[in-house]
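S.K.: The lines below spell out each chain.
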Amino acid sequence: MTANGFFSFARLGALLTKEFIQMRRDRITFAMMLGVPLMQLVLFGFAINSDPKSLPAALLATSNDQYTRAMVSALQNTNYYRFDHIAHTAAEAEELMASGEVAFVVTIPADFGRRVAAGDAPQILIEADATDPSASSGAVSTLGTVANQALLRAQGMEASSAETAKGQLEVVVHRRYNPEGISQYNIVPGLLGVILQMTMVMMTSMALTRETERGTMENLLAMPASPAEIMLGKVLPYLVVGAVQVTVVLVASKLLFAIPFIGSLSLLLSAILVFVLALVLLGYTISTIARTQMQAMQLTFFFFLPSILLSGFMFPYRGMPGWAQALGEILPLTHFLRIIRAVMLKGAELPAIAVEVGILGLFVAVFAGLALFRFRRTLD
Amino acid sequence: MNAIEVTNLVKRFGDKTVVDHVTMTVAEGEIVGFLGPNGSGKTTTIRIMCGLLTPDEGEGQVLGYDLRSDSLKIKREVGYMTQKFSFYEDLTIGENLEFVARLYKLRPVEEHVARTLEELGLTTRRNQLAGTLSGGWKQRLALAACIMHKPKLLLLDEPTAGVDPKARREFWDEIHRLARGGLTVLVSTHYMDEAERCHRISYISYGKMLASGTVEEVVRNAGLTTFVVSGPRLDQIASALEGRPGVEQVAPFGATLHVVGSDRQKLEAALADIGSREGVTVAPGETSLEDVFIQFMAASRDNMS
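Protein chains in written order, with UniProt numbering: chain A, 1 to 380; chain B, 1 to 305.
Just chain B, same shape as in the assembly (with noise of 0.2 angstroms):
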């Protein structure tokens, strides 16, 4: 069974269509990635899925229960942690730990609460508001309180925004070790390093779901092809191959330069004279994911305007 099984989800708010026929599959026991620029429906895809927005159109399962008739038995079985803090900063760390596993009915909730205070690495500080707690001691918690009722989907939306990078590589840590005991993750992201991380990632913008598989996959099957070029005075290479047919994006890359575009015999015919320079080296490259969404993310846009 999947834990995730929607097809052509539509979502408007007024004339606007925030989510337009998304699809997607998550397998249990996966850590699927959400990835797409701001705006682009993935807060609202991740609402519609935890019971927390009705779709207009299409149908779905989340954890073989009905999108629209069960959302409460969704809601008991799902884990959802909204992308800004929303637990209660004017009650301590352990009210609102006790708060969330009365909700639940987890019994005993003292049990509960202590072992997932014991966890956390935040005994001592049980009597602290949530609100005194740092972005990174915030994020951590409402982890903590999403997972204490044993979820077995946990949707994230942007768990990660604000937080310094070790606190991210120990999230990270976590959530891998989180899908071992057979939960199934849905995350949704900015950064580049943690699709990476993901067994499989969804691409949407504007609402369309751009692409979906593994990240070697999603890279194949963009179609791109990527130069790398090194040297000298390499801004004003950048400048030179700015509007080149067949030149789609030129990017820095620390000391490098990646050009990127769809038709290797233009952009090789783009390059060509650059190669030529004296101390230029130009050599193929492999197309990064980001290279791939930058892609995505203009084609789309071209396709709004």
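Next up, chain A with everything else stripped away, as it sits in the complex (with noise of 0.2 angstroms):
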């Protein structure tokens, strides 16, 4: 019965083309597959920006000497701040800030130029609307030293010799493989991973809730097509949608945002293959323990969400307490990001990447194990 056995390509074939020719039919989710990801690419790929500037600020200051002047102007420069009112009470500044108006209000003191001239050391007020504090955070990071070298640029001193000549600490900052902090170079990497997990999962969890709902599983079923069979067939059509989309992303991130592309595309290439294998295995997983559409449409977005804050991709994940970096670390899209974002941007061999690589075919093999176990051959 070898000819017939457990699994025949001839059976596979004729699933695949059936699930294709299906795909092909049904014109929506067709568009959707190939027209969300650019969409959505695009669309949060100029939005997102982690790093903004131009903020809305308020000035409050009573006297106009040189070095009020100079620290204005230097805190303008940074480009975070834009100085669009000038409060003339303390009163009418807090208003500014109360109502979302300015993000920031800077008071110098009227006797700021004095004891600058004094040699006395001067204060500055800098006020930073901190309900979102990653919003502000760069522009108030830059401020020590911004404020100190428009100091003694004023005093008619150049900075580094000033600094050199007092024998100060000097901190020497790179921002590695990312040196203008371009929010972009961090997103769009990182979308690719969003967008894939959202559409894989989603629509292979539909696979065979689909035919239930139909009522098509039953006689399915009845023929002579096993498990296996039918995994694969759901799943491979999947896997070259996804196909598609991952050259649709890396071609646009190339093209519209110029994000550079400095490690192998071919072991990209092959890591996310490994990506995409666990994500459409998971939601065929779903597919198997949903009974209708609409429940696996709930179980993936409660699957969605986690992996969308928790994997790194919005927020650091870094900055996460020890229980939810834990979290982080059981979705397969933290695994992902970590790739991507080492290869596409620092360029990482095969060895830097192993671990996350061997992480995620972990998940393959344990969603693959799980669908087949939870894959009912028959309707009990």
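Please keep in mind that the hints were generated in silico from the structure rather than gathered at the bench. Be careful, since some hints might not be right.
With beta-carbon atoms standing in for the labels, derived distance ranges [unchecked claim]:
1. B:28 with A:304: 52 to 58 angstroms
2. B:57 with A:365: 35 to 41 angstroms
3. A:6 with B:21: 29 to 35 angstroms
4. A:30 with B:21: 32 to 38 angstroms
5. A:244 with B:124: 58 to 64 angstroms
6. A:244 with B:129: 21 to 27 angstroms
7. B:129 with A:256: 35 to 41 angstroms
8. B:129 with A:270: 35 to 41 angstroms
9. A:269 with B:124: 44 to 50 angstroms
10. A:298 with B:57: 33 to 39 angstroms
11. A:46 with B:132: 40 to 46 angstroms
12. B:124 with A:30: 25 to 31 angstroms
13. B:123 with A:261: 52 to 58 angstroms
14. A:30 with B:57: 43 to 49 angstroms
Think of the CB as a built atom: it goes at the ideal place given N, C-alpha and C, for glycine as much as any other residue.
Both chains come to you apart, so use the hints to assemble them.
M.R.: See the structure below:
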């Protein structure tokens, strides 16, 4: 009975043909597979900026001496501050901040210039709206150096010579792999993972439930197709869809966003293959659990939101408490993000990402086992 | 060898026993009608026989293969037509047949598909989506797809529900033609005329097999007596008879009234005064299969309460 045994390529071929025809006929889904990734990439790629500049600020300065002017223009030159409000009283400044009109209030006291001239330690106050800490963090972090340098320059001293002359500690910061701190370098490769995660899991999760809902499952099960054939027949077509999406996103990231690609393309593609395989098998597993397409959709979303929030796509992974990081570890997206960022931006070679790829491989094995175990060969 | 030989099949869903110790034998080449009210366990029994459900208890062989361990082999040699059309509505007629042919590894695929299409008379509509077919054509397509791999046993679950009389007639002609060729058929139905076209029938109610045999046997074994009442104002007679001891069924049949009971003497006593009414005749009649089934249904409802 080997010819008709557990696995047959002829039967798999029949299932694949059927699946591709159905996919082609379902125009809206087909359009979604190609249109959605591109739309999301363009939308989020251009929209998300984790280092916002030109934030509205209010200036509260009572004197107009040269030191005050120097300080204001230095702040403006960082591009973080845009002084479009001049407050005359502290109450007025407070109101601007409370109403959300401005993100910063810069207060330069009247005696600022005098204290600088006198060599006394001068002070300026910068109040930041920290209801969204990440929005103001970039602007705040640059302050110390900017203010000092501005002051020294105004006093007629070269910043570097003054500092070395005083023998002060100099901290050198190199922003490696992304010297200009462009958010898109971080976001766009991550988006590939998120887009794949959403479309792959959702579409495969509906694969079996659709057959169950339409009643075709009963017929399919009554015919001689083995669980492995049915699984591959459902999973492989979506792997092809995934390949198309990957191509679309990678080409667009090069053309639209000029994201540097330092590492090996073939290495990245191999890693993506493992990731997509893990996703479609996860979707298929959901498909064996859910009884209706609605349930499948809900289960998908149950998985989708933590993936976005805990994987390090939106928020820094290292900023989360230990238990949340542990949760993040059991999401395939977390590992994929590390891989794609490492390969694309850092030019990582296989040894550097072997562990992450291995973990993705583990997901594939676990999901495949789970799916085959959960698959109901009968209608019981 | 019997095509189907199952003993004491039990299937429960939760605490509900849907199939309750069903024993059934179907000889090769036989057409067996499977009857019973809605929800009586017909579909579940058929699904067990084609390996779609595993029985909780009981043993059996289908085409000589064990019901529990050889379900894959059973699937290859059984044709199962589901109650609801369950081929792909978004595939064309041709694509559906190709899919089935390839799943059963029928080679060459194209030859099988073309022949089936020709037998169906659908060659010109090959590229039409299956979902756009009418009920009768869907049923014909489903049957054709089920017998394409030349199964030895055909399981049909209410195949003619919602199909017009002419299509039903043609369907049954086809079934008989197939049976002459050695195919065994188990077909569930609600229609009495269809039951009478079967070699044997089995009646199941609330999961229990109540009767089996030829139509004559089933009617005879039911032990019912039927009187045919004719005359004016039958509706009044019907309400007068209702509830009298010995009268178990009163049903209008065209211009007559069938009065059925299992105790002949009580029934005769109940009808004594009716026969003396003016213009009314009471004559012994033949018990029909339907009378028997309604009797079964009433009896099993009593058992349930």
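S.K.: Each hint should be assessed against the structure and marked as holding or not.
M.R.: Status of the hints after comparison with the structure:
With their beta carbons about 55 angstroms apart, residue 28 of chain B and residue 304 of chain A fall inside the hinted range of 52 to 58 angstroms. One distance hint, 35 to 41 angstroms for the beta-carbon pair residue 57 of chain B and residue 365 of chain A, holds here, with the actual separation near 37 angstroms. A hinted range of 29 to 35 angstroms holds for the C-beta pair residue 6 of chain A and residue 21 of chain B, which are about 34 angstroms apart. For residue 30 of chain A and residue 21 of chain B, the hinted distance range of 32 to 38 angstroms is not satisfied, since their beta carbons lie about 51 angstroms from each other.
Checked against the hint of 58 to 64 angstroms, the C-beta distance between residue 244 of chain A and residue 124 of chain B comes to roughly 36 angstroms, which is inconsistent with it. Between residue 244 of chain A and residue 129 of chain B the CB atoms are about 26 angstroms apart, so this pair conforms to the stated range of 21 to 27 angstroms. For the pair residue 129 of chain B and residue 256 of chain A, the supplied restraint of 35 to 41 angstroms holds, since their beta-carbon distance comes to about 39 angstroms. Between residue 129 of chain B and residue 270 of chain A the CB atoms are about 40 angstroms apart, so this pair conforms to the stated range of 35 to 41 angstroms.
Remark: the range hint 44 to 50 angstroms for residue 269 of chain A to residue 124 of chain B is upheld by a beta-carbon distance near 47 angstroms. Distance hint for residue 298 of chain A and residue 57 of chain B: a CB-CB separation of about 36 angstroms, consistent with the stated range 33 to 39 angstroms. Checking the proposed 40 to 46 angstroms range against residue 46 of chain A and residue 132 of chain B shows it holds: the Cβ atoms sit about 44 angstroms from each other. In this structure, residue 124 of chain B and residue 30 of chain A meet the distance hint of 25 to 31 angstroms, their C-beta atoms being roughly 29 angstroms apart.
Taking the beta carbon of each, residue 123 of chain B and residue 261 of chain A are about 54 angstroms apart, inside 52 to 58 angstroms as hinted. Evaluation of the 43 to 49 angstroms hint for residue 30 of chain A and residue 57 of chain B yields a pass: the beta carbon distance comes to about 48 angstroms.
Going through the hint list in order, the structure does not satisfy hints 4 and 5.
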